[in-house]
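Participant: First to last, the sequence lines map onto chains F and G. All residue numbers for the first sequence refer to the working numbering, where the first residue is 1 and numbers rise by one. All residue numbers for the second sequence refer to the working numbering, where the first residue is 1 and numbers rise by one.
A couple of the hints might just be wrong.
To be verified - Selected chain G positions facing chain F (Cβ under 8 Å, derived; list incomplete):
(1) Val6
(2) Ala25
(3) Phe29
(4) Ile33
(5) Tyr34
(6) Ala56
(7) Val63
(8) Val67
(9) Ile71
(10) Ser73
(11) Gly109
(12) Leu110
(13) Val127
Unchecked claim - Listed below are the simulated BS3-like cross-link pairs for lysine-lysine, each with C-alpha atoms no more than 25 Å apart in a straight line:
(14) F:Lys57 with F:Lys99
(15) F:Lys99 with G:Lys168
(16) F:Lys339 with G:Lys168
Keep in mind the hints are simulated off the structure, nothing from the lab. It should be emphasised that the depicted structure is a prediction, and the values quoted were computed from it without experimental measurement. Even for Gly, the Cβ is constructed at its ideal location relative to N, Cα and C.
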Amino acid sequence: MFLQFSLSSLARTFHEYLASNIGEGFLLQVLEMVIMGLVLIVFLVLLCFFLGYMERKVAAFMQVRLGPNRVGPKGSMQIVADTIKLLLKEGLTPNSSDKFLFNLAPMIMVITSFLVVAPLAFSSNFQIWDTSIGILYVSSVSSMAVIGILMAGWSSNNKYSLLGAMRSGAQIVSYELSIGLSLISIVILSGSLQMSEIIQSQQNGWWLLKGHFPVWISFVIFIIASTAEINRAPFDLAEAEQELTAGFHTEYSGMKFAMFLLSEYINLFVVSAIAATVFLGGWMPFHIGNFAAFNQVMDYIPGFFWFMGKTMFIIFIIMWFRWTFPRLRVDQLLNLEWKYLLPISMVNTILVTIMAIYGLHF
Amino acid sequence: MESQSVLFYLISGLTAFSALLAVTASQLFRSAIYLLFSLIGIAAIYFMLDQDFIAAVQIIVYVGGIVVLIIFSIFLTQDSGVEMRKSEWWRIAASGMAALSGFLLTALGLVEYNFVTQSDNLVTGGVKELGRALLSLNAGGYVLPFEMVGLLLLAAMIGCIVIAVKLKELPEGKENIQ
């Protein structure tokens with residue numbers, strides 16, 4: 001397979017190059033960690049630029065307008081201009097706020113978002129941390145994000161912020177259950193929490209394709225609940241602009257506001273990447289049974305493109321939601337979770353368990 | 001000193017410091033946040049010991065669950081931003097005594113117990129082994145405690161529903177049976 005290109009061989013070459021110059025040991029480890037962190041930050045920030053642009057273009061497409069089209073070719077530099085604007089703006093700290101917590105909150109949001117990226121598999125053998133508790137790690141660390149929101153809302157000393165934070169807290173805490181249960185269905189089928197093993201179990205077909213209707217149900221529940229978890233429309237009650245001005249980040253400006261935006265887009269990416277990994281096979285190419293010629297052609301497409309393609313598809317669906325569904329009321333939001341999604345996903349978990357025990361999937 | 005022990009003292013120092021701040025902070029909300037930091041510090045120590053599963057459970061239960069619950073109840077009470085008044089001296093003295101005796105008791109236990117250093121043969125916290133051990137009926141299995149905890153949680157859940165359930169409005173003059 002001389003045509004196949006993989007990110008893992010690139011990483012290995014780089015590691016060997018560094019090791020031959022510095023020598024194996026503690027220094028090399030630290031250096032590689034620092035390099036990895038920098039690469040991750042640059043990648044995620046560039047990705048957020050792209051997602052911001054994509055969001056505006058998708059919104060414009062849905063509303064039959066052009067979207068950004070002045071700065072750069074097809075308006076692609078608009079986000080860079082916005083970032084420069086945010087960098088130059090003053091980061092205000094309200095006088096009567098709790099200043100320590102007010103400044104800490106956006107950092108907690110960004111740190112949590114960055115931490116969750118660690119176990120994602122971008123390509124075969126190309127993963128920052130292939131921990132044995134992959135899925136559990138993701139759901140546990142992402143549950144810390146709510147603390148950042150609550151902290152921001154409380155320390156702003158503003159009624160709108162506090163209301164937004166309360167709504168968002170209630171929303172995230174409730175929808176976490178459905179996310180957990182829908183992920184558990186795949187954990188049951190693949191028998192592992194580890195990301196690489198979950199992807200490996202989909203070698204002969206993605207779970208969405210070979211898992212019959214229980215997996216379709218958990219996929220739909222996962223998409224709904226994760227849209228709610230990342231506070232995007234139609235579940236954006238936390239920052240419902242008509243009611244609460246901007247919810248928990250009303251008082252934030254400049255770079256601190258940009259950090260909330262950054263973490264929001266990283267969360268969008270992470271949620272879609274998890275869905276792509278767990279239900280759509282991550283970097284696994286699309287194969288049709290024993291159709292060898294077709295499978296071989298699909299193998300030539302690098303895993304990174306498969307992963308990003310699937311992730312972008314799910315991101316597009318979540319952006320599509322925003323312009324399709326009206327915002328829910330608070331009571332509708334909680335009813336949807338507690339009276340519909342949670343019971344359905346509980347029954348679904350039992351169905352998946354039966355399916356896994358009797359081997360009813362392909 | 002090895003990098004491992006530097007890291008350990010750093011993490012445990014921060015954990016202890018934020019635990020101290022959680023007790024002494026003058027605003028309720030800040031106490032909750034310092035408590036959060038101290039709980040995250042404990043999770044970090046678990047991660048350092050390669051006990052990933054316990055660390056993740058620590059975060060999901062304490063940070064994502066209990067601290068959020070505490071913060072919510074602080075939000076729902078009045079004057080959460082107002083500085084609390086200083087305690088009287090005898091209260092400080094009594095709580096200090098209680099903390100000191102608790103510390104002494106733990107320290108005594110640690111000193112009395114002769115720890116044997118084990119370098120190899122460490123417990124590997126694989127999720128699969130953990131799951132098998134939890135549901136194993138043989139010696140070394142934990143199926144009984146597991147089921148008991150499950151029963152306890154079920155009872156707690158039913159209790160919550162009974163408290164939170166909304167009863168149908170009855171016509172005037174009729175008492176609710178419950």
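Participant: Would you mind marking each hint as holding or not holding in the structure?
Facilitator: Outcome of the hint check:
With a least beta-carbon distance of about 12 Å to chain F, the hint placing Val6 of chain G at the interface is violated under the 8 Å criterion. Contact between Ala25 of chain G and chain F, as hinted, is not supported at the beta carbon level, the nearest pair being about 11 Å apart and thus beyond 8 Å. Given hint, Phe29 of chain G at the interface with chain F, holds; its Cβ is 6 Å from that chain's nearest Cβ, closer than 8 Å. The beta carbon of Ile33 of chain G is positioned within 8 Å of a beta carbon in chain F (closest approach about 6 Å), and the interface hint is therefore held.
At a threshold of 8 Å, the smallest CB-CB gap from Tyr34 of chain G to chain F is about 11 Å, leaving the interface hint violated. With a cut of 8 Å, the hint placing Ala56 of chain G at the interface with chain F holds, because the nearest CB-to-CB distance is about 4 Å. The restraint placing Val63 of chain G at the interface with chain F holds, with a minimum CB-CB distance near 6 Å, inside the 8 Å limit. Interface hint status for Val67 of chain G: upheld, as the beta-carbon distance to the closest one in chain F is roughly 7 Å, under 8 Å.
The beta carbon of Ile71 of chain G comes within 5 Å of a beta carbon in chain F, closer than 8 Å, and the hint placing it at the interface holds. Proximity of Ser73 of chain G to chain F is violated relative to the hint, the smallest CB-CB distance being about 12 Å (cut-off 8 Å). Interface hint at Gly109 of chain G: violated, since its Cβ lies 30 Å from the closest Cβ of chain F, which is beyond the 8 Å cut-off. Given hint, Leu110 of chain G at the interface with chain F, is violated; its Cβ is 29 Å from that chain's nearest Cβ, farther than 8 Å.
Hint on Val127 of chain G holds. Least Cβ distance to chain F is approximately 6 Å, under the 8 Å limit. Distance restraint check for Lys57 of chain F and Lys99 of chain F: the Cα-Cα separation of roughly 37 Å exceeds the 25 Å cut-off, and the hinted pair is therefore not satisfied. At roughly 47 Å between alpha-carbon atoms, Lys99 of chain F and Lys168 of chain G are farther apart than 25 Å, so this suggested pair is violated. Between Lys339 of chain F and Lys168 of chain G the CA atoms are separated by roughly 18 Å; this keeps the pair inside 25 Å, and the hint holds.
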